[in-house]
Amino acid sequence: MRKLQHNAVLARTIRNQVLWTRLGSRLGLPVAWVTSGSPVELVLAAGFIPFYPENHAAICAAREMSQGLAEHTEGRGYSRDLCSYARVDLGAQWTGRTPLGRLVPPDLVLVSNNICGTVQNWFRLTAEHFRVPMFFLDTPFHDGPPTDGDVAYVREQLVAMAPEISRVGWRRITEDRLRKVTERSREALELWARVLETASRRPAPFTSFDAFVHMAPIVSMRGTRRCVAYYRGLLEELRRRADRGDSAIPEERARVVWDNIAIWPAHKQLKKLFERHRVALVSDTYTSAWTVEHLDPKDPFTGLAKAYTDILLIHGVAHRVEVLTRMIQRFGAQGFVLHSNRSCKRYSLGQYGVRQVVTARTGVPGVVIEADMADPRAVSMEHLEQRLVPFFESLGAGT
Amino acid sequence: MGWERLLEVARDPVANIRARVEREGRPLAIAMSSYVPLEVLDAFGCSAVRWGPVCEDFPRADGVMQAYACSFIRSALEMLLSRNLPARLVATASGCDVITAVPGMLSVARPDLATAHLRLPIRVDGAPARQQAVRALVAFCEEVRERLGAPLDLNRLDQAARIRQEVRSRIAACFAGLASGTFSAVPAYGAALAAQSMAPEEWLAAFPGASALPSGDGVPVLLSGETVPSLEVIEELQSLGLRIVADDTNTAAREASRRVHLEASDLVEAIAVSLADRPWHSPERLVPDRPAAVAARAREAGARAAILLHQKFCDPCAFEAPGLAAALREVGIPSLVLELDRQRGLTGGQRTRVQTLLESLP
Ligand code: SF4
Ligand code: SF4
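Going down the list, the sequences are from chains A and B.
If you're matching positions, the first sequence starts at 1 in the working numbering and goes up one per residue.
If you're matching positions, the second sequence starts at 400 in the working numbering and goes up one per residue.
Keep in mind the hints are simulated off the structure, nothing from the lab.
Hints are supplied without guarantee of correctness; some may be wrong.
Unchecked claim - Within a straight-line C-alpha distance of at most 25 Å, the following computed SDA-like cross-link-like pairs (lysine to any residue) qualify:
hint	chain 1	residue 1	chain 2	residue 2
1	A	K306	B	E541
2	B	K711	B	R728
3	A	K272	A	G245
4	B	K711	A	R124
For reference, chain A alone in the conformation it holds in the complex (with noise of 0.2 Å):
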């Protein structure tokens, strides 16, 4: 079990992103602070430098710092039920408290509602407290495909928000540039995609641990050439590894599948957890959220429209059982883990169906394991190790 040389470029990239925000705003370059999900071609069309309010509670919880700030924010009458992301980047704006050093504030927020409703209240707190624009693209939610109405109304909001972007960024939004920006975003989703496709391989070579963390240059960095440069290396030793039969878990034992965000406050117990009882955790429904198919570099705008439609979030139920049980049986899974995350109700709720039509699809059985993403006093490592061993060795996998 070898470690991914990735790791450290992980590292490297991470801290020259950071870097290059704080240098590139004080050069005067504009910065945005985007949702996951929003459409970050455009702004990195007109020149921004996006940030990722999401990730960066992500680095916080991973930083055992998530506590304190969401406790800050819930101090200033914000529900502890509020989805735990927006409490600790929140709490970060509010006290200047980062593990980054410092943040390098906004000249506007990008949101979508196709990730959930909280975004849209989080944000706008963040362009208040900022005093700086909010760009709102509004996505409806919909449990089958995006109909020809709901795509043209993402299309009008997105030609219309352009050139007010393009007043507060330093370039114009043309065609051309949004062109550029689109074909790196395909490209690099499309590596990523085959990055992941990777743990298809026997023994899987990396797994979705390894994938929650690299997974960072494709929210944050989509769009840009380091990018694109980032998810070939990887695939490049991801490759090898295969090849040479380099597994992420020593003798494979089981392999399952995931659905929800990772468990940052838990990370690496969990991840030796699952290596203790030699299961690979193979793919994810986190990681692969988005989809290229619909990003068309020849006509961007409603290539954009199609793409931002069709995030897994923006989906109900149904769609999620057909990624699970597609999942299940590409990835060769014996079982799955639905994470039953209170901190996000859009992803969470409608798990409970989930397991009963995936399972009667698949046979696969599924268990569903109560925590948070990012705030420690909603996870239990003893609530997860009762949950998780007796269904690990259900699978026949054991210590």
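Based on these hints, arrange chain B with the ligands on the given structure of chain A.
Just chain B with the ligands, lined up with the frame of chain A:
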């Protein structure tokens, strides 16, 4: 008849819905959101009701939905799973992350039940949002038609839109009367709660008028929140020495504020626009100046305090609460959040907090 009937329905909406379905013999359509226009469901030949009541125990709902969803939705699920009501169609509209999960959950837990989802815009500013509202309502009608196998009757729609508007106008008049003291809260909320489940014709026949029920004494307050879970809550609040003079709940003034341009050439379009242009939106829509507008309304009505009646786990309310409290404070109105979970009335602790608030007023 009269108030007696309206209050009776308000106190036991489920019994009334059951009796109504039996009497009317039409498919029961339950709207889970105030953004689902009941007149459209009427025009599909349904007995259309809006879900409102909250129960205290959800053994079946707990099996299909996590405990960190609001009691309002879990109560509705409980009722649907227990088959306590002969529902044929459940209609939802875009809004919070809980309501959007409902059709998917039902597709597994009650596959025999038809669902339809209205993809209304969350933004409410300008032409694109209105256009999307129109497209969404047209698609919704198509979905309902497919699910029920019945066409939208345009004559009936015209009638239903008029009569539903009449009901909303009268409810709005009751609430307008709260501020002037010509009307009191229990009948006003009784009227609003009863309208959720009664046939509009029956409601109009029973409604005795929006005057001559003067309110008693008490500290004037604003009541804000998504859903008023029961008439008991209002009675309890009044018994603590307050007098509701302004309302900002989905159960009452917000929903009642919607107006359809009844003379429009395309009524479906006019209804869609009325949803996007509702004067009093809920916090799950993107209405940046909502807190200031609510505070202004409270001041105008002479409120001296405000009660924010929230469902636990309701994200839109929880996000809005600090900003709304600040906006109210700015106009000199202190407020109190009461979070309701699995309860139709107030807890002892909540009653004490209300009393403390009232006693602390200058
Ligand atoms: S974790 Fe869920 S609720 Fe929070 S911002 Fe992400 S999608 Fe929204
Ligand atoms: S808006 Fe609040 S009360 Fe209404 S359904 Fe959503 S979570 Fe429940």
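Here is how each hint holds up against the structure:
no., hint, result
1, K306(A) to E541(B), "holds, 22 Å"
2, K711(B) to R728(B), "holds, 23 Å"
3, K272(A) to G245(A), "holds, 21 Å"
4, K711(B) to R124(A), "holds, 22 Å"
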